[in-house]
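2 protein chains.
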Amino acid sequence: MENQLLTAGAGETQPEKKHQKSVVVYDCRPGSSAAPPRTFDISNADFTSFLQALVREFSLSNDETFVISTTDRKEIDQELYKELVHGKTLQLMTSVNQELPVATQERIDYLPHYHTLVQCGMYEYYASEGQKALPYAFAELIDNALSATRRNTDIRRIEIRLLFDEAQGGPAVVVMDNGCGMTSKQLNNWAVYRLSKFIRENSTFQSEEAGYVQPDPVPRSLNSDISYFGVGGKQAVFYIGQSVRMISKPASSPDVHEFIMSKDDFERKERNKEDIYSGFIRNRKPGDCSHVDKSEEMFLQSIMREEIGKESFTAVVITGIQQEHINYLKQHFILWTRELAHTYHYYIHGVDGNVKNEMKKTESSSNIDIQISLFERSTRVPRIINLREVDNDMQTLYVRSSANTFEFKATGAKDSLVEGLIRYHPFLYDRETFPVDPYAASAEDEDEELEVLNPEGRGKRPIFECFWNGRLIPYTTVSEFPWCERPKKGGIVPLECYNRISGVLFANDRFQVSTNKLTFMDLELQLRDKDTIFNNGQGQRVNIEKEFTNWLKTCHESFDKQVMFQGYISNVTRTDV
Amino acid sequence: MENQLLTAGAGETQPEKKHQKSVVVYDCRPGSSAAPPRTFDISNADFTSFLQALVREFSLSNDETFVISTTDRKEIDQELYKELVHGKTLQLMTSVNQELPVATQERIDYLPHYHTLVQCGMYEYYASEGQKALPYAFAELIDNALSATRRNTDIRRIEIRLLFDEAQGGPAVVVMDNGCGMTSKQLNNWAVYRLSKFIRENSTFQSEEAGYVQPDPVPRSLNSDISYFGVGGKQAVFYIGQSVRMISKPASSPDVHEFIMSKDDFERKERNKEDIYSGFIRNRKPGDCSHVDKSEEMFLQSIMREEIGKESFTAVVITGIQQEHINYLKQHFILWTRELAHTYHYYIHGVDGNVKNEMKKTESSSNIDIQISLFERSTRVPRIINLREVDNDMQTLYVRSSANTFEFKATGAKDSLVEGLIRYHPFLYDRETFPVDPYAASAEDEDEELEVLNPEGRGKRPIFECFWNGRLIPYTTVSEFPWCERPKKGGIVPLECYNRISGVLFANDRFQVSTNKLTFMDLELQLRDKDTIFNNGQGQRVNIEKEFTNWLKTCHESFDKQVMFQGYISNVTRTDV
Ligand SMILES: Nc1ncnc2c1ncn2[C@@H]1O[C@H](COP(=O)(O)OP(=O)(O)OP(=O)(O)O)[C@@H](O)[C@H]1O
Ligand SMILES: Nc1ncnc2c1ncn2[C@@H]1O[C@H](COP(=O)(O)OP(=O)(O)OP(=O)(O)O)[C@@H](O)[C@H]1O
Ligand SMILES: [Mg+2]
Ligand SMILES: [Mg+2]
Numbered sequence: 022m023e024n025q026l027l028t029a030g031a032g033e034t035q036p037e038k039k040h041q042k043s044v045v046v047y048d049c050r051p052g053s054s055a056a057p058p059r060t061f062d063i064s065n066a067d068f069t070s071f072l073q074a075l076v077r078e079f080s081l082s083n084d085e086t087f088v089i090s091t092t093d094r095k096e097i098d099q100e101l102y103k104e105l106v107h108g109k110t111l112q113l114m115t116s117v118n119q120e121l122p123v124a125t126q127e128r129i130d131y132l133p134h135y136h137t138l139v140q141c142g143m144y145e146y147y148a149s150e151g152q153k154a155l156p157y158a159f160a161e162l163i164d165n166a167l168s169a170t171r172r173n174t175d176i177r178r179i180e181i182r183l184l185f186d187e188a189q190g191g192p193a194v195v196v197m198d199n200g201c202g203m204t205s206k207q208l209n210n211w212a213v214y215r216l217s218k219f220i221r222e223n224s225t226f227q228s229e230e231a232g233y234v235q236p237d238p239v240p241r242s243l244n245s246d247i248s249y250f251g252v253g254g255k256q257a258v259f260y261i262g263q264s265v266r267m268i269s270k271p272a273s274s275p276d277v278h279e280f281i282m283s284k285d286d287f288e289r290k291e292r293n294k295e296d297i298y299s300g301f302i303r304n305r306k307p308g309d310c311s312h313v314d315k316s317e318e319m320f321l322q323s324i325m326r327e328e329i330g331k332e333s334f335t336a337v338v339i340t341g342i343q344q345e346h347i348n349y350l351k352q353h354f355i356l357w358t359r360e361l362a363h364t365y366h367y368y369i370h371g372v373d374g375n376v377k378n379e380m381k382k383t384e385s386s387s388n389i390d391i392q393i394s395l396f397e398r399s400t401r402v403p404r405i406i407n408l409r410e411v412d413n414d415m416q417t418l419y420v421r422s423s424a425n426t427f428e429f430k431a432t433g434a435k436d437s438l439v440e441g442l443i444r445y446h447p448f449l450y451d452r453e454t455f456p457v458d459p460y461a462a463s464a465e466d467e468d469e470e471l472e473v474l475n476p477e478g479r480g481k482r483p484i485f486e487c488f489w490n491g492r493l494i495p496y497t498t499v500s501e502f503p504w505c506e507r508p509k510k511g512g513i514v515p516l517e518c519y520n521r522i523s524g525v526l527f528a529n530d531r532f533q534v535s536t537n538k539l540t541f542m543d544l545e546l547q548l549r550d551k552d553t554i555f556n557n558g559q560g561q562r563v564n565i566e567k568e569f570t571n572w573l574k575t576c577h578e579s580f581d582k583q584v585m586f587q588g589y590i591s592n593v594t595r596t597d598v
Numbered sequence: 022m023e024n025q026l027l028t029a030g031a032g033e034t035q036p037e038k039k040h041q042k043s044v045v046v047y048d049c050r051p052g053s054s055a056a057p058p059r060t061f062d063i064s065n066a067d068f069t070s071f072l073q074a075l076v077r078e079f080s081l082s083n084d085e086t087f088v089i090s091t092t093d094r095k096e097i098d099q100e101l102y103k104e105l106v107h108g109k110t111l112q113l114m115t116s117v118n119q120e121l122p123v124a125t126q127e128r129i130d131y132l133p134h135y136h137t138l139v140q141c142g143m144y145e146y147y148a149s150e151g152q153k154a155l156p157y158a159f160a161e162l163i164d165n166a167l168s169a170t171r172r173n174t175d176i177r178r179i180e181i182r183l184l185f186d187e188a189q190g191g192p193a194v195v196v197m198d199n200g201c202g203m204t205s206k207q208l209n210n211w212a213v214y215r216l217s218k219f220i221r222e223n224s225t226f227q228s229e230e231a232g233y234v235q236p237d238p239v240p241r242s243l244n245s246d247i248s249y250f251g252v253g254g255k256q257a258v259f260y261i262g263q264s265v266r267m268i269s270k271p272a273s274s275p276d277v278h279e280f281i282m283s284k285d286d287f288e289r290k291e292r293n294k295e296d297i298y299s300g301f302i303r304n305r306k307p308g309d310c311s312h313v314d315k316s317e318e319m320f321l322q323s324i325m326r327e328e329i330g331k332e333s334f335t336a337v338v339i340t341g342i343q344q345e346h347i348n349y350l351k352q353h354f355i356l357w358t359r360e361l362a363h364t365y366h367y368y369i370h371g372v373d374g375n376v377k378n379e380m381k382k383t384e385s386s387s388n389i390d391i392q393i394s395l396f397e398r399s400t401r402v403p404r405i406i407n408l409r410e411v412d413n414d415m416q417t418l419y420v421r422s423s424a425n426t427f428e429f430k431a432t433g434a435k436d437s438l439v440e441g442l443i444r445y446h447p448f449l450y451d452r453e454t455f456p457v458d459p460y461a462a463s464a465e466d467e468d469e470e471l472e473v474l475n476p477e478g479r480g481k482r483p484i485f486e487c488f489w490n491g492r493l494i495p496y497t498t499v500s501e502f503p504w505c506e507r508p509k510k511g512g513i514v515p516l517e518c519y520n521r522i523s524g525v526l527f528a529n530d531r532f533q534v535s536t537n538k539l540t541f542m543d544l545e546l547q548l549r550d551k552d553t554i555f556n557n558g559q560g561q562r563v564n565i566e567k568e569f570t571n572w573l574k575t576c577h578e579s580f581d582k583q584v585m586f587q588g589y590i591s592n593v594t595r596t597d598v
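Chains as they are written, first to last, in the numbering used here: chain A, 22 to 598; chain B, 22 to 598.
Mixed in with the good hints there might be a few duds.
Heads up, the list lumps identical chains together, so a pair's fine if it works in one copy or across two of them.
[To be verified] Simulated crosslink set (EDC-like; lysine to aspartate or glutamate; CA at most 16 Å straight-line):
hint: 1; residue 1: K435; residue 2: D530
hint: 2; residue 1: K153; residue 2: E345
hint: 3; residue 1: K95; residue 2: E506
hint: 4; residue 1: K95; residue 2: E229
hint: 5; residue 1: K153; residue 2: E545
FYI, nobody ran anything at the bench for these hints, they're computed from the structure.
Bound-form chain A, shown alone (with noise of 0.2 Å):
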């Protein structure tokens, strides 16, 4: 009796119903009572003995003349029938284009086909900005790093490996970490397009489910819970390149799980008429390359190899890679490095920045690093770069050349919280001291109303720069608030020092941005509704605007180093050059 429990077919439980095939009939002829159709089983009946079951079952009599046909009005004649497909509905009736009676209903499935995945990121990131979008799919792969790495001790080492190397198997993007991994559970959610962390089952067993926890607030709410949608990463993925390997292990098992999904996987289900979101999750040994083939992705042999010893990491590798994506990645590698380096700044340096002074480094310094490196071919040095020496970034510009800075606060409703802060970049001597992006010019090199801001501070530019959970949200800037913008007439400090300053916005997740991250949904209209409160950071409730007025007047006193021509006296020759 228990040997009942094998069954058959080892390996796969795939549906066993593969060739059952039923049909649904409704009497729709007229006068027929509102009775419930039948179900057909039709797998092994030819035409005429399907047309003899219905004259059997809906008691047709011999002179009767009846018609079948789909819900869309074709009659169902032999040749039709043959392409009739499991558990569509049919209706029988006296003639094709007689009246329904009483309504009939069909069942109908619309599984989102798979470009939701394949393409999700095409046209997301792109949009309007073009060529800014690939450091920021590089993003979202960070921002999983980030939070992945979130309960590291130790280094949370994040590694970006361009291994552009074809006699290697290139090209393939190699995004890794050290942190805690996927479960098989987790990596099986992974692949689950919109299933965000709040409404995600973790483990296989409901007695052993953990619902998401909110992280405790945190000074420039730099906690590493950067995930939102359920969506970053096969996005990012699709953007980059047409298949990903993802191969993670977590710290609470000895295995690596290893998942595949690619453009051409989709497209050989859709052929073969499998079901499309199914697939294998591969358990193996830590460095067991053995499925790899050899020949063809040697640089993911020598990426298995490095799993040994690890207890926990995730690796995402990426390959059918754009040819344009290789290019500008080769092309513009300090430009888009940069980039990233400006987005992660407060994680890569700290609350306080890349600020100059050492000593003030290593008292609140990150344990976060994010190395770059980029492989061409193997006879030469790769290039590495780590994203903490990068110096030149806007806000290390920023930070540096800042003579003292203003914080506040904005809270609002439901625990939305804003930290901000606003710096001071003094006129020193015979110029502004306001930075200048060095890049802009190149970027933008048609403009030539761009190049020239310095001589006049920020100019006209916003304030704000604006950061969500410690990250950038690069195309949301922020110009200013009614108290801290140029008044229309001169007050008590000069209405050049205005054009001084800089800030920075930190909002935690109680602000919502759009799914690829580029935008807050609507961080500006919050931070104007009336009831967000504004203070100076001590949790004191002031006259902000008094406040920040009385600092800029204080800065401009202490820092301004102007040097005023008084008055023409005469010319001076020298003569003794």
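Starting from the structure of chain A, add chain B with the ligands where the hints point.
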């Protein structure tokens, strides 16, 4: 024998195997060979009999200790055994921490979460521009209606009804058109996220398949073929509300097809562990509203009563409308209808736009009628506007204040085509006639710099608004082209004339737009490409810069009526007043 065709459960063809439960077991004991795994049907087996079956099948000796674990290395005990789900992969091991001698595989499913549909609009339309998102959600539904009515020989009627009368079962938003409607197969396709027209099967039967046919080129690309991604309708619906009832009748059938998709439904299916992406299409006779809850949705009955006698139509009925949307739609009725009139300006008014001359109008007039009506209370007269009546949208203002037009074409790789035109808004006596947006001030009333633009004509604003297949893509503008930009120093035309031009670009769909149709992806980039050829619209390759400059010069000489105060003579005191 034929009696067997009739299967037991009538009506639904649900998977019958609900209670089947089998697991796949790999022998992972050290030294075991890479034998295929075995499948055990455990539907009716308790833990003990499962263990006994294991012992037998893997020939375990009596004194051998073993554990059975998940791929996450959770040891299965009496309790967890009960929670095992069908298809789970298990590992037979000597201890739960033992190394895997060979790899195992687990089948996983990763159906996109239903938030893919329900949230698809939320973080998309909204992004960054907040305020104006709602008209662009409506635009997606108008796009679909334009597509559906494109073969109409008679009038093309598109109606948006805002039914905010709660006494009638509101609030609801209904978008109706008298287009081709959908067969039940097409309605099924409608529901499939990301199933674009390019990859769609439109018939139940392969033998009747007809693929997508690119429409022939028409002036201004006004081809009404405004769909691309298979996303727009769903995105719009779930941005506006939480539930949609699609009601449609194709000309090919006497039946109306109806399908409901709603957030509540998805949530219920998830709770009950039913197939998420399954539902029913209802086929019924036009006017049959016997299935509608009489008390709750009275407006539905009247909509269904209107069905009678229509050859084909589609009605999109959205409910669960967000309160803030209702407020916005009521309060800013003029603003958002005007935005829609702007978006579809050339569909509504024809290729020449909304010219004043009534003679010209009838010639190239359009048969597209887009009407919007707002019902608040049955006692109140509804507010009704036909978009054709709007005469203060920006395109109308441009058309009507222009003295002359310069046309050109740009052709690039892969049949990409842009038709362009530049309009001249002369200086008349004492002022620029370049139109000012009458609503810009109220929208941006904090920014005093934007209000005083007219004195300098266009000012620094971009020249070109951009249309895609004839409809506006609102967030993309093109500043200028090298051949029409204001020269660094004066030439044969006074510099201020360059501030008297506005322009339109009509791109065909070889140019790509973002999924929400708010931005072009690479219009400007492609147009800057060296291979893009500009000519003057007559098909001749001319030196466009020279042609343009000549045109501008002629415009200046013919239309600008400058009253110049050549010199001051004296005050004249009028004694006659
Ligand atoms: N490097 C990683 N290490 C561990 N787990 C990861 C890693 N990358 C992704 N995951 C898991 O996969 C899930 C899905 O990632 P994905 O980036 O697609 O969406 P998300 O991060 O949840 O949300 P968002 O759309 O905001 O990025 C993550 O929530 C996380 O649980
Ligand atoms: N009013 C309508 N009348 C007839 N068919 C319609 C109507 N609205 C939608 N459809 C059908 O449903 C399909 C899906 O519509 P949807 O707007 O979701 O995507 P799409 O128009 O194909 O692409 P896009 O994402 O560009 O809008 C359409 O292609 C069309 O075949
Ligand atoms: Mg993520
Ligand atoms: Mg559409």
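Results for each hint:
Taking CA atoms no more than 16 Å apart as the test, K435 paired with D530 passes inside one copy only; the shortest distance there is 11 Å, against 44 Å between copies. Taking the shortest alpha-carbon separations for K153 and E345, only the intra-copy value of 13 Å comes in at or below 16 Å, while the best inter-copy value is 34 Å. In this homomeric assembly, K95 and E506 never come within 16 Å of each other (Cα to Cα): the closest approach is 69 Å inside a single copy and 60 Å across copies. When the C-alpha separation of K95 and E229 is checked against a cutoff of 16 Å, the pair qualifies only between copies, where the shortest distance is 11 Å, while the shortest distance within a copy is 52 Å.
In this homomeric assembly, K153 and E545 come within 16 Å of each other (Cα to Cα) only across copies, at 15 Å, whereas the closest approach inside a single copy is 24 Å.
When the structure is compared with the earlier hints, a violation turns up for hint 3 alone.
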